[in-house]
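Asks: Sequence:
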Amino acid sequence: MVYCGKPSRGCQMCRTRRIKAATLLMSVSLQCDETKPTCNQCAKSRRQCPGYKDEFDLLLRNETKATERRAKKAGKKIATEKGVGLDQMSAPSGSPTSSRLSPTFQGAVKSPLDLSIIPALEIPAETHASCHFVSNFVLVPRQGSTRGFLDYLVPLLKTERADSQIQHAFNACALASLGNRVSSPRIDFSGRAHDEYIKAISATNIALRDPEASKSDATLAAVLLMGMFENITASRPADFAWGSHIEGAILITKARGRKQLRTKTGLLLFVAVRTQLTVLALSAAKAPSMGADWWLNDAVKDESATACQRINLKTGELRAEVTRIMTTLARTPENTDLVLAMIRRAQLLDQEAVGWMRSVPEPWHYKTLCWEDHVPNGDYSKAEVFPGRVDVYNDFWIASVWNLTRATRLVLASLTVRCAAWVCSPVDYRTTPEYATASQTCVDMITDIIASVPYHLGWHTKRKHLFRSMELSGFACGEEDSTKALPGYFLSWPLACVVSQDYITDAQRQWVAGRLRYIGDELGLRYAHILTKLELRIPSMLIRLDAFAAQ
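Using this note's numbering, the first residue of the sequence shown is number 77, and each one after it goes up by one.
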(Lines of atoms letter the chains of each structure in order from A and count residues from 1; the text may use other names and numbers.)
(Lines give C-alpha, C1' and ligand atoms only; values in the text may rest on other atoms or scores of the structure.)
Protein backbone atom coordinates (compact mmCIF):
# COMPACT_ATOMS: atom_id res chain seq x y z
CA MET A 1 0.00 0.00 0.00
CA VAL A 2 1.47 3.35 -1.05
CA TYR A 3 1.28 6.28 1.37
CA CYS A 4 -0.84 8.96 -0.29
CA GLY A 5 -0.33 11.67 2.29
CA LYS A 6 -2.45 12.86 5.19
CA PRO A 7 -6.17 12.77 4.28
CA SER A 8 -7.70 16.25 4.18
CA ARG A 9 -10.34 17.04 6.80
CA GLY A 10 -11.56 20.08 4.85
CA CYS A 11 -15.00 20.41 3.32
CA GLN A 12 -15.57 19.02 -0.18
CA MET A 13 -15.80 22.51 -1.77
CA CYS A 14 -12.43 23.66 -0.35
CA ARG A 15 -10.78 20.37 -1.33
CA THR A 16 -12.05 20.74 -4.91
CA ARG A 17 -11.06 24.42 -5.15
CA ARG A 18 -7.59 23.64 -3.81
CA ILE A 19 -7.07 20.99 -6.51
CA LYS A 20 -8.15 23.46 -9.20
CA ALA A 21 -5.85 26.13 -7.79
CA ALA A 22 -2.93 23.71 -7.93
CA THR A 23 -3.80 22.83 -11.54
CA LEU A 24 -3.84 26.51 -12.56
CA LEU A 25 -0.63 27.20 -10.60
CA MET A 26 -2.42 29.72 -8.43
CA SER A 27 -0.50 30.97 -5.40
CA VAL A 28 -3.51 31.83 -3.25
CA SER A 29 -4.22 29.71 -0.18
CA LEU A 30 -7.56 27.91 -0.22
CA GLN A 31 -7.05 25.93 2.97
CA CYS A 32 -10.31 25.07 4.71
CA ASP A 33 -10.61 26.38 8.28
CA GLU A 34 -12.84 23.35 9.13
CA THR A 35 -15.41 25.48 10.94
CA LYS A 36 -18.64 23.56 11.51
CA PRO A 37 -21.34 23.29 10.29
CA THR A 38 -20.23 25.62 7.46
CA CYS A 39 -16.64 26.64 6.76
CA ASN A 40 -15.82 30.34 6.58
CA GLN A 41 -14.08 29.99 3.18
CA CYS A 42 -17.40 28.96 1.62
CA ALA A 43 -19.28 31.67 3.53
CA LYS A 44 -16.88 34.40 2.36
CA SER A 45 -17.10 33.27 -1.30
CA ARG A 46 -20.91 32.86 -1.02
CA ARG A 47 -20.74 29.20 -1.98
CA GLN A 48 -22.94 26.44 -0.62
CA CYS A 49 -20.76 24.40 1.74
CA PRO A 50 -21.39 20.68 1.01
CA GLY A 51 -20.08 19.60 4.42
CA TYR A 52 -17.29 17.30 5.58
CA LYS A 53 -16.30 13.71 4.99
CA ASP A 54 -17.35 11.14 7.56
CA GLU A 55 -14.76 10.73 10.33
CA PHE A 56 -14.78 6.95 9.97
CA ASP A 57 -13.90 7.29 6.29
CA LEU A 58 -10.93 9.44 7.31
CA LEU A 59 -9.74 6.72 9.69
CA LEU A 60 -9.90 4.03 6.99
CA ARG A 61 -9.70 5.33 3.43
CA ASN A 62 -11.55 3.35 0.76
CA GLU A 63 -9.24 2.60 -2.14
CA THR A 64 -11.85 0.77 -4.22
CA LYS A 65 -11.74 3.39 -7.01
CA ALA A 66 -7.97 3.24 -7.27
CA THR A 67 -8.05 -0.56 -7.29
CA GLU A 68 -10.71 -0.51 -10.01
CA ARG A 69 -8.62 1.81 -12.17
CA ARG A 70 -5.60 -0.49 -11.83
CA ALA A 71 -7.76 -3.49 -12.68
CA LYS A 72 -9.12 -1.83 -15.85
CA LYS A 73 -5.62 -0.87 -16.91
CA ALA A 74 -4.40 -4.44 -16.42
CA GLY A 75 -7.43 -5.79 -18.25
CA LYS A 76 -6.80 -3.57 -21.25
CA LYS A 77 -3.20 -4.72 -21.38
CA ILE A 78 -4.24 -8.40 -21.37
CA ALA A 79 -6.86 -7.80 -24.04
CA THR A 80 -4.36 -6.01 -26.30
CA GLU A 81 -1.87 -8.83 -25.96
CA LYS A 82 -4.54 -11.37 -26.98
CA GLY A 83 -5.75 -9.27 -29.93
CA VAL A 84 -9.06 -8.16 -28.43
CA GLY A 85 -10.28 -4.61 -29.19
CA LEU A 86 -11.10 -2.15 -26.43
CA ASP A 87 -14.72 -2.06 -27.50
CA GLN A 88 -14.90 -5.81 -27.03
CA MET A 89 -13.13 -5.57 -23.67
CA SER A 90 -15.62 -3.12 -22.21
CA ALA A 91 -18.73 -4.79 -23.57
CA PRO A 92 -21.07 -6.51 -21.12
CA SER A 93 -21.00 -10.31 -21.11
CA GLY A 94 -24.49 -10.51 -22.53
CA SER A 95 -23.87 -8.20 -25.51
CA PRO A 96 -23.49 -9.34 -29.11
CA THR A 97 -19.81 -8.50 -29.04
CA SER A 98 -19.12 -10.73 -26.07
CA SER A 99 -21.12 -13.55 -27.59
CA ARG A 100 -18.60 -13.71 -30.44
CA LEU A 101 -15.84 -14.67 -27.98
CA SER A 102 -15.14 -18.30 -27.25
CA PRO A 103 -16.42 -19.61 -23.88
CA THR A 104 -12.84 -20.20 -22.76
CA PHE A 105 -11.76 -16.64 -23.52
CA GLN A 106 -14.97 -15.20 -22.04
CA GLY A 107 -14.05 -16.93 -18.79
CA ALA A 108 -10.56 -15.46 -18.92
CA VAL A 109 -11.73 -11.84 -19.27
CA LYS A 110 -15.08 -11.77 -17.49
CA SER A 111 -14.89 -8.26 -16.10
CA PRO A 112 -12.31 -5.67 -15.05
CA LEU A 113 -13.61 -5.98 -11.49
CA ASP A 114 -12.73 -9.67 -11.48
CA LEU A 115 -9.09 -8.71 -12.04
CA SER A 116 -8.68 -7.00 -8.67
CA ILE A 117 -5.37 -8.25 -7.34
CA ILE A 118 -5.88 -8.41 -3.54
CA PRO A 119 -8.83 -7.14 -1.47
CA ALA A 120 -8.06 -4.37 1.03
CA LEU A 121 -7.02 -5.56 4.48
CA GLU A 122 -9.84 -5.40 7.03
CA ILE A 123 -8.62 -3.72 10.24
CA PRO A 124 -10.63 -4.89 13.29
CA ALA A 125 -12.86 -2.31 14.94
CA GLU A 126 -11.15 -3.02 18.27
CA THR A 127 -7.80 -1.96 16.78
CA HIS A 128 -9.25 1.29 15.48
CA ALA A 129 -10.92 1.90 18.82
CA SER A 130 -7.74 1.27 20.81
CA CYS A 131 -5.71 3.70 18.71
CA HIS A 132 -8.50 6.27 18.88
CA PHE A 133 -8.74 6.06 22.68
CA VAL A 134 -4.98 6.28 23.27
CA SER A 135 -4.66 9.25 20.90
CA ASN A 136 -7.54 11.05 22.64
CA PHE A 137 -7.09 10.28 26.34
CA VAL A 138 -3.55 9.10 27.14
CA LEU A 139 -1.46 12.19 27.87
CA VAL A 140 2.27 11.56 28.31
CA PRO A 141 4.55 14.12 30.03
CA ARG A 142 7.56 15.16 27.99
CA GLN A 143 9.24 17.11 30.77
CA GLY A 144 9.39 16.72 34.53
CA SER A 145 7.44 19.92 35.15
CA THR A 146 4.03 18.46 34.36
CA ARG A 147 1.96 15.29 34.70
CA GLY A 148 0.24 13.02 32.28
CA PHE A 149 -3.15 11.36 32.30
CA LEU A 150 -3.69 7.61 32.06
CA ASP A 151 0.04 7.32 31.24
CA TYR A 152 0.15 4.22 33.45
CA LEU A 153 -2.32 2.46 31.18
CA VAL A 154 -0.23 1.25 28.24
CA PRO A 155 2.48 -0.45 30.38
CA LEU A 156 -0.23 -2.23 32.40
CA LEU A 157 -2.03 -3.45 29.27
CA LYS A 158 1.23 -4.93 27.97
CA THR A 159 1.69 -7.07 31.08
CA GLU A 160 -1.91 -8.24 31.64
CA ARG A 161 -3.77 -11.09 29.95
CA ALA A 162 -6.17 -10.47 27.08
CA ASP A 163 -9.10 -11.56 29.30
CA SER A 164 -8.07 -9.47 32.32
CA GLN A 165 -10.35 -6.94 33.98
CA ILE A 166 -8.25 -3.99 32.80
CA GLN A 167 -8.26 -5.19 29.17
CA HIS A 168 -12.05 -5.54 29.14
CA ALA A 169 -12.47 -2.13 30.81
CA PHE A 170 -10.10 -0.56 28.28
CA ASN A 171 -11.96 -2.18 25.37
CA ALA A 172 -15.28 -0.91 26.73
CA CYS A 173 -14.02 2.68 26.95
CA ALA A 174 -12.28 2.55 23.57
CA LEU A 175 -15.27 1.12 21.65
CA ALA A 176 -17.73 3.48 23.35
CA SER A 177 -15.56 6.53 22.67
CA LEU A 178 -15.06 5.73 18.99
CA GLY A 179 -18.71 4.78 18.57
CA ASN A 180 -19.80 8.15 19.96
CA ARG A 181 -17.64 10.05 17.48
CA VAL A 182 -18.15 8.10 14.25
CA SER A 183 -21.10 6.21 12.84
CA SER A 184 -20.91 2.93 10.97
CA PRO A 185 -23.86 0.84 9.80
CA ARG A 186 -21.56 -2.21 9.78
CA ILE A 187 -20.35 -2.07 13.39
CA ASP A 188 -22.41 -1.95 16.56
CA PHE A 189 -19.91 -0.03 18.69
CA SER A 190 -22.37 0.54 21.54
CA GLY A 191 -23.33 -3.12 21.79
CA ARG A 192 -19.72 -4.28 21.74
CA ALA A 193 -18.75 -1.65 24.32
CA HIS A 194 -21.45 -2.72 26.75
CA ASP A 195 -20.51 -6.38 26.28
CA GLU A 196 -16.93 -5.51 27.24
CA TYR A 197 -18.17 -3.44 30.18
CA ILE A 198 -20.15 -6.41 31.53
CA LYS A 199 -17.07 -8.63 31.12
CA ALA A 200 -14.97 -6.02 32.96
CA ILE A 201 -17.42 -5.95 35.89
CA SER A 202 -17.46 -9.74 36.04
CA ALA A 203 -13.67 -10.04 35.92
CA THR A 204 -13.28 -7.29 38.53
CA ASN A 205 -15.72 -8.99 40.90
CA ILE A 206 -13.69 -12.19 40.59
CA ALA A 207 -10.46 -10.27 41.28
CA LEU A 208 -11.99 -8.55 44.34
CA ARG A 209 -12.59 -11.95 45.94
CA ASP A 210 -8.87 -12.71 45.76
CA PRO A 211 -6.77 -11.09 48.55
CA GLU A 212 -3.86 -10.32 46.22
CA ALA A 213 -5.66 -9.54 42.95
CA SER A 214 -8.06 -7.19 44.76
CA LYS A 215 -5.14 -4.87 45.55
CA SER A 216 -3.35 -5.10 42.22
CA ASP A 217 -2.60 -2.18 39.92
CA ALA A 218 -4.70 -3.80 37.19
CA THR A 219 -7.81 -4.02 39.38
CA LEU A 220 -7.57 -0.39 40.53
CA ALA A 221 -6.94 0.84 36.98
CA ALA A 222 -9.93 -1.21 35.73
CA VAL A 223 -12.25 0.41 38.29
CA LEU A 224 -11.05 3.89 37.26
CA LEU A 225 -11.66 3.01 33.59
CA MET A 226 -15.18 1.83 34.41
CA GLY A 227 -15.79 5.23 35.99
CA MET A 228 -14.60 6.85 32.76
CA PHE A 229 -16.93 4.56 30.81
CA GLU A 230 -19.82 6.20 32.66
CA ASN A 231 -18.58 9.63 31.56
CA ILE A 232 -18.45 8.46 27.97
CA THR A 233 -21.80 6.67 27.77
CA ALA A 234 -24.27 8.00 30.36
CA SER A 235 -26.95 10.20 28.80
CA ARG A 236 -29.45 10.20 31.70
CA PRO A 237 -28.89 10.93 35.40
CA ALA A 238 -30.27 7.50 36.27
CA ASP A 239 -27.53 5.87 34.16
CA PHE A 240 -24.66 7.80 35.73
CA ALA A 241 -22.84 5.45 38.12
CA TRP A 242 -19.49 7.29 38.10
CA GLY A 243 -19.64 8.02 41.84
CA SER A 244 -20.05 4.36 42.81
CA HIS A 245 -16.98 3.37 40.78
CA ILE A 246 -14.90 6.15 42.36
CA GLU A 247 -16.00 5.09 45.84
CA GLY A 248 -14.90 1.57 44.95
CA ALA A 249 -11.52 2.89 43.77
CA ILE A 250 -11.15 4.77 47.08
CA LEU A 251 -11.74 1.55 49.06
CA ILE A 252 -9.16 -0.34 46.98
CA THR A 253 -6.64 2.48 47.45
CA LYS A 254 -7.13 2.42 51.22
CA ALA A 255 -6.61 -1.37 51.26
CA ARG A 256 -3.38 -1.02 49.28
CA GLY A 257 -1.87 1.16 52.01
CA ARG A 258 1.19 3.41 51.84
CA LYS A 259 3.40 0.83 50.17
CA GLN A 260 1.67 1.53 46.86
CA LEU A 261 3.57 4.84 46.77
CA ARG A 262 6.89 3.02 46.39
CA THR A 263 6.37 2.20 42.71
CA LYS A 264 5.91 4.61 39.82
CA THR A 265 2.65 3.00 38.68
CA GLY A 266 1.36 2.82 42.24
CA LEU A 267 1.99 6.54 42.78
CA LEU A 268 0.35 7.46 39.46
CA LEU A 269 -2.75 5.43 40.34
CA PHE A 270 -2.88 6.97 43.82
CA VAL A 271 -2.79 10.49 42.37
CA ALA A 272 -5.46 9.53 39.80
CA VAL A 273 -7.80 8.30 42.55
CA ARG A 274 -7.09 11.43 44.61
CA THR A 275 -8.06 13.65 41.69
CA GLN A 276 -11.37 11.82 41.21
CA LEU A 277 -11.96 11.95 44.97
CA THR A 278 -11.50 15.73 44.89
CA VAL A 279 -14.22 16.18 42.25
CA LEU A 280 -16.51 13.82 44.18
CA ALA A 281 -15.97 15.73 47.44
CA LEU A 282 -16.59 19.14 45.83
CA SER A 283 -19.61 18.09 43.78
CA ALA A 284 -21.40 15.76 46.20
CA ALA A 285 -20.52 17.42 49.54
CA LYS A 286 -18.83 14.22 50.76
CA ALA A 287 -15.85 14.61 53.06
CA PRO A 288 -12.71 12.87 51.73
CA SER A 289 -12.44 9.42 53.23
CA MET A 290 -9.47 9.14 55.63
CA GLY A 291 -9.12 12.94 55.69
CA ALA A 292 -7.23 15.28 53.38
CA ASP A 293 -3.84 14.73 55.02
CA TRP A 294 -3.89 10.96 54.34
CA TRP A 295 -4.24 11.66 50.64
CA LEU A 296 -1.45 14.26 50.58
CA ASN A 297 1.33 12.98 52.84
CA ASP A 298 4.17 11.19 50.99
CA ALA A 299 2.31 11.45 47.66
CA VAL A 300 3.88 14.58 46.19
CA LYS A 301 4.61 14.19 42.48
CA ASP A 302 4.34 17.87 41.60
CA GLU A 303 4.65 20.61 44.24
CA SER A 304 2.33 23.09 42.52
CA ALA A 305 -0.35 20.50 41.81
CA THR A 306 -0.15 19.06 45.33
CA ALA A 307 -0.56 22.52 46.90
CA CYS A 308 -3.66 23.00 44.77
CA GLN A 309 -4.98 19.54 45.72
CA ARG A 310 -4.59 20.40 49.40
CA ILE A 311 -6.82 23.47 48.99
CA ASN A 312 -9.36 21.47 46.98
CA LEU A 313 -9.56 18.62 49.50
CA LYS A 314 -9.80 21.01 52.46
CA THR A 315 -12.64 22.75 50.63
CA GLY A 316 -14.36 19.39 50.15
CA GLU A 317 -14.11 18.77 53.90
CA LEU A 318 -15.50 22.23 54.65
CA ARG A 319 -18.41 21.82 52.24
CA ALA A 320 -19.43 18.53 53.84
CA GLU A 321 -19.25 20.12 57.29
CA VAL A 322 -21.27 23.20 56.30
CA THR A 323 -23.94 21.02 54.70
CA ARG A 324 -24.22 18.95 57.88
CA ILE A 325 -24.49 22.09 60.06
CA MET A 326 -27.05 23.78 57.84
CA THR A 327 -29.35 20.76 57.97
CA THR A 328 -29.04 19.81 61.65
CA LEU A 329 -28.28 22.81 63.90
CA ALA A 330 -30.86 25.04 65.53
CA ARG A 331 -30.44 28.79 65.33
CA THR A 332 -28.79 29.55 68.72
CA PRO A 333 -26.00 32.01 69.74
CA GLU A 334 -23.54 29.12 70.16
CA ASN A 335 -24.33 27.72 66.74
CA THR A 336 -24.13 31.20 65.22
CA ASP A 337 -20.53 31.44 66.44
CA LEU A 338 -19.86 28.05 64.87
CA VAL A 339 -21.22 29.23 61.50
CA LEU A 340 -19.17 32.44 61.70
CA ALA A 341 -16.10 30.26 62.21
CA MET A 342 -17.04 28.42 58.99
CA ILE A 343 -17.06 31.75 57.14
CA ARG A 344 -13.57 32.53 58.38
CA ARG A 345 -12.31 29.07 57.31
CA ALA A 346 -13.77 29.56 53.82
CA GLN A 347 -12.16 32.99 53.54
CA LEU A 348 -8.77 31.65 54.61
CA LEU A 349 -8.94 28.83 52.06
CA ASP A 350 -9.87 31.33 49.36
CA GLN A 351 -6.84 33.42 50.30
CA GLU A 352 -4.68 30.31 49.96
CA ALA A 353 -6.14 29.70 46.50
CA VAL A 354 -5.34 33.29 45.48
CA GLY A 355 -1.81 32.87 46.83
CA TRP A 356 -1.39 29.65 44.83
CA MET A 357 -2.50 31.40 41.64
CA ARG A 358 0.06 34.15 42.16
CA SER A 359 2.98 31.87 42.97
CA VAL A 360 2.87 29.13 40.30
CA PRO A 361 6.13 28.62 38.35
CA GLU A 362 6.64 30.14 34.91
CA PRO A 363 5.55 27.07 32.84
CA TRP A 364 2.19 27.20 34.66
CA HIS A 365 1.44 30.76 33.56
CA TYR A 366 -1.21 31.30 30.91
CA LYS A 367 -1.42 34.18 28.48
CA THR A 368 -4.18 36.00 26.66
CA LEU A 369 -3.97 35.06 22.99
CA CYS A 370 -6.45 37.61 21.69
CA TRP A 371 -9.83 39.25 22.25
CA GLU A 372 -12.87 38.12 20.28
CA ASP A 373 -16.18 39.92 20.09
CA HIS A 374 -17.86 38.28 17.09
CA VAL A 375 -20.79 35.93 17.60
CA PRO A 376 -21.82 34.31 14.28
CA ASN A 377 -25.48 35.08 13.59
CA GLY A 378 -25.83 36.21 17.20
CA ASP A 379 -26.24 32.58 18.31
CA TYR A 380 -24.26 32.11 21.52
CA SER A 381 -25.10 28.41 21.75
CA LYS A 382 -23.03 27.64 18.63
CA ALA A 383 -20.23 30.18 18.96
CA GLU A 384 -16.74 28.77 19.51
CA VAL A 385 -15.66 31.81 21.54
CA PHE A 386 -17.60 33.93 24.01
CA PRO A 387 -16.95 37.67 23.51
CA GLY A 388 -13.88 38.61 25.53
CA ARG A 389 -10.49 37.05 26.28
CA VAL A 390 -9.12 33.87 24.78
CA ASP A 391 -6.47 32.39 27.10
CA VAL A 392 -3.94 29.70 26.19
CA TYR A 393 -1.83 27.36 28.35
CA ASN A 394 1.30 25.29 27.88
CA ASP A 395 -0.43 22.03 28.70
CA PHE A 396 -3.96 20.61 28.95
CA TRP A 397 -3.27 19.13 32.36
CA ILE A 398 -2.00 22.48 33.69
CA ALA A 399 -5.14 24.15 32.33
CA SER A 400 -7.27 21.53 34.11
CA VAL A 401 -5.57 22.27 37.45
CA TRP A 402 -6.22 25.99 37.02
CA ASN A 403 -9.90 25.38 36.31
CA LEU A 404 -10.27 23.00 39.23
CA THR A 405 -8.90 25.75 41.49
CA ARG A 406 -11.31 28.27 39.97
CA ALA A 407 -14.20 25.88 40.54
CA THR A 408 -13.00 25.45 44.14
CA ARG A 409 -13.17 29.22 44.61
CA LEU A 410 -16.75 29.16 43.29
CA VAL A 411 -17.57 26.51 45.91
CA LEU A 412 -15.89 28.55 48.67
CA ALA A 413 -17.84 31.65 47.64
CA SER A 414 -21.12 29.76 47.80
CA LEU A 415 -20.25 28.39 51.27
CA THR A 416 -19.46 31.90 52.51
CA VAL A 417 -22.75 33.30 51.22
CA ARG A 418 -24.75 30.35 52.60
CA CYS A 419 -23.27 30.83 56.06
CA ALA A 420 -23.79 34.61 55.90
CA ALA A 421 -27.43 34.08 54.90
CA TRP A 422 -27.93 31.67 57.81
CA VAL A 423 -26.43 34.16 60.29
CA CYS A 424 -28.28 37.29 59.07
CA SER A 425 -31.69 35.65 58.47
CA PRO A 426 -34.35 37.03 58.07
CA VAL A 427 -32.39 39.99 56.62
CA ASP A 428 -31.68 39.71 52.87
CA TYR A 429 -28.26 38.09 52.51
CA ARG A 430 -27.58 40.10 49.35
CA THR A 431 -27.04 43.16 51.55
CA THR A 432 -24.07 41.58 53.37
CA PRO A 433 -20.41 42.39 52.63
CA GLU A 434 -19.76 38.64 52.22
CA TYR A 435 -22.19 38.57 49.30
CA ALA A 436 -20.56 41.59 47.63
CA THR A 437 -17.10 40.02 47.85
CA ALA A 438 -18.29 36.57 46.76
CA SER A 439 -20.20 37.89 43.76
CA GLN A 440 -17.12 39.68 42.42
CA THR A 441 -14.98 36.59 42.96
CA CYS A 442 -17.49 34.43 41.11
CA VAL A 443 -17.76 36.85 38.18
CA ASP A 444 -13.96 36.77 37.82
CA MET A 445 -13.75 32.96 38.04
CA ILE A 446 -16.58 32.52 35.54
CA THR A 447 -14.79 34.84 33.12
CA ASP A 448 -11.48 32.98 33.54
CA ILE A 449 -13.03 29.54 33.00
CA ILE A 450 -14.92 30.73 29.92
CA ALA A 451 -11.70 32.26 28.54
CA SER A 452 -10.00 28.83 28.80
CA VAL A 453 -12.67 26.92 26.86
CA PRO A 454 -11.49 27.71 23.28
CA TYR A 455 -8.02 26.42 24.17
CA HIS A 456 -9.46 23.16 25.51
CA LEU A 457 -11.61 22.65 22.42
CA GLY A 458 -8.81 23.28 19.91
CA TRP A 459 -9.67 26.79 18.68
CA HIS A 460 -6.00 27.82 18.91
CA THR A 461 -4.75 24.95 16.72
CA LYS A 462 -6.18 26.72 13.66
CA ARG A 463 -4.25 29.88 14.57
CA LYS A 464 -0.74 28.57 15.24
CA HIS A 465 0.81 31.84 14.13
CA LEU A 466 -0.63 33.46 17.26
CA PHE A 467 0.71 31.02 19.85
CA ARG A 468 3.53 28.52 20.29
CA SER A 469 3.14 26.09 23.20
CA MET A 470 6.08 24.85 25.29
CA GLU A 471 4.71 21.31 24.60
CA LEU A 472 5.24 20.05 28.12
CA SER A 473 3.22 16.95 27.30
CA GLY A 474 1.74 15.18 24.32
CA PHE A 475 -0.67 12.40 23.45
CA ALA A 476 0.65 8.86 23.22
CA CYS A 477 -0.14 8.69 19.50
CA GLY A 478 -2.01 10.56 16.78
CA GLU A 479 -1.79 14.14 15.58
CA GLU A 480 -1.31 16.77 18.27
CA ASP A 481 -3.26 19.50 16.45
CA SER A 482 -6.50 17.53 16.06
CA THR A 483 -9.41 18.06 18.44
CA LYS A 484 -9.02 15.73 21.44
CA ALA A 485 -11.59 14.31 23.84
CA LEU A 486 -9.47 14.59 27.00
CA PRO A 487 -9.64 18.41 27.27
CA GLY A 488 -13.43 18.15 27.04
CA TYR A 489 -13.31 15.57 29.83
CA PHE A 490 -11.23 17.96 31.96
CA LEU A 491 -13.56 20.86 31.14
CA SER A 492 -16.95 19.31 31.86
CA TRP A 493 -17.08 19.68 35.63
CA PRO A 494 -15.81 23.30 35.74
CA LEU A 495 -18.43 24.19 33.12
CA ALA A 496 -21.10 22.45 35.22
CA CYS A 497 -20.06 24.68 38.15
CA VAL A 498 -20.24 27.77 35.95
CA VAL A 499 -23.62 27.06 34.35
CA SER A 500 -25.31 26.65 37.75
CA GLN A 501 -24.05 29.93 39.28
CA ASP A 502 -26.39 32.78 40.24
CA TYR A 503 -23.81 35.26 38.97
CA ILE A 504 -23.66 34.10 35.34
CA THR A 505 -25.39 36.17 32.63
CA ASP A 506 -28.05 34.70 30.35
CA ALA A 507 -25.69 34.96 27.36
CA GLN A 508 -22.91 33.18 29.26
CA ARG A 509 -25.28 30.42 30.38
CA GLN A 510 -26.48 29.91 26.80
CA TRP A 511 -22.89 29.75 25.54
CA VAL A 512 -21.69 27.34 28.26
CA ALA A 513 -24.65 25.03 27.63
CA GLY A 514 -23.74 25.06 23.93
CA ARG A 515 -20.14 24.09 24.70
CA LEU A 516 -21.33 21.22 26.90
CA ARG A 517 -23.53 19.99 24.05
CA TYR A 518 -20.49 20.22 21.76
CA ILE A 519 -18.48 18.08 24.20
CA GLY A 520 -21.29 15.54 24.30
CA ASP A 521 -21.94 15.44 20.55
CA GLU A 522 -18.56 16.06 18.93
CA LEU A 523 -16.10 14.73 21.54
CA GLY A 524 -18.23 11.74 22.50
CA LEU A 525 -18.58 12.41 26.26
CA ARG A 526 -22.29 11.83 26.62
CA TYR A 527 -22.58 12.77 30.28
CA ALA A 528 -21.98 16.40 29.26
CA HIS A 529 -25.61 16.31 28.06
CA ILE A 530 -26.68 15.53 31.63
CA LEU A 531 -24.88 18.65 32.83
CA THR A 532 -26.83 20.87 30.42
CA LYS A 533 -30.08 19.69 32.02
CA LEU A 534 -29.15 20.60 35.61
CA GLU A 535 -31.73 23.08 36.87
CA LEU A 536 -29.60 24.45 39.71
CA ARG A 537 -28.93 27.99 40.86
CA ILE A 538 -26.16 28.27 43.43
CA PRO A 539 -26.12 29.54 46.12
CA SER A 540 -29.73 30.82 46.08
CA MET A 541 -31.37 27.37 45.90
CA LEU A 542 -29.16 26.02 48.69
CA ILE A 543 -29.98 29.04 50.85
CA ARG A 544 -33.70 28.36 50.44
CA LEU A 545 -33.16 24.72 51.43
CA ASP A 546 -31.19 25.85 54.49
CA ALA A 547 -34.06 28.17 55.47
CA PHE A 548 -36.59 25.32 55.22
CA ALA A 549 -34.35 23.05 57.30
CA ALA A 550 -34.00 25.70 60.03
CA GLN A 551 -37.78 26.10 60.49
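Some hints here could point you the wrong way.
Said to hold, decoys possible - In silico DSS-like links for lysine-lysine, alpha-carbon gap of 25 Å or less:
hint, residue 1, residue 2
1, K112, K234
2, K538, K234
3, K458, K120
4, K234, K335
5, K538, K112
6, K443, K120
7, K458, K538
8, K362, K330
9, K362, K538
10, K291, K275
11, K340, K330
12, K609, K458
13, K538, K443
14, K275, K234
15, K330, K291
16, K234, K291
17, K112, K340
18, K335, K291
19, K340, K291
Simulated from the structure, these hints should not be mistaken for lab results.
In this text, all values refer to a predicted model and were calculated from it rather than measured experimentally.
Asks: Hints first: check each against the structure and report whether it holds.
Replies: Results of checking the hints against the structure:
1. K112 x K234: This hinted pair is violated, its Cα atoms lying about 38 Å apart.
2. K538 x K234: Measuring from Cα to Cα gives roughly 36 Å; hence the hint is violated.
3. K458 x K120: Roughly 19 Å separates the two Cα atoms, so the pair holds.
4. K234 x K335: holds, 23 Å
5. K538 x K112: holds, 13 Å
6. K443 x K120: violated, 30 Å
7. K458 x K538: Cα-Cα ~18 Å, so holds.
8. K362 x K330: Cα-Cα ~17 Å, so holds.
9. K362 x K538: violated, 41 Å
10. K291 x K275: holds, 19 Å
11. K340 x K330: Given pair K340, K330 holds - Cα atoms ~17 Å apart, limit 25 Å.
12. K609 x K458: Holds, because 17 Å separates the two Cα atoms, which is no more than 25 Å.
13. K538 x K443: holds, 17 Å
14. K275 x K234: holds, 19 Å
15. K330 x K291: Distance ~9 Å between K330 and K291 Cα, so the pair holds.
16. K234 x K291: Since the Cα atoms of K234 and K291 sit roughly 19 Å apart, the hinted pair holds (cutoff 25 Å).
17. K112 x K340: violated, 42 Å
18. K335 x K291: Given that 25 Å is the threshold and the Cα spacing comes to 11 Å, the pair holds.
19. K340 x K291: With a Cα-Cα distance of about 16 Å, the restraint between K340 and K291 holds, given a limit of 25 Å.
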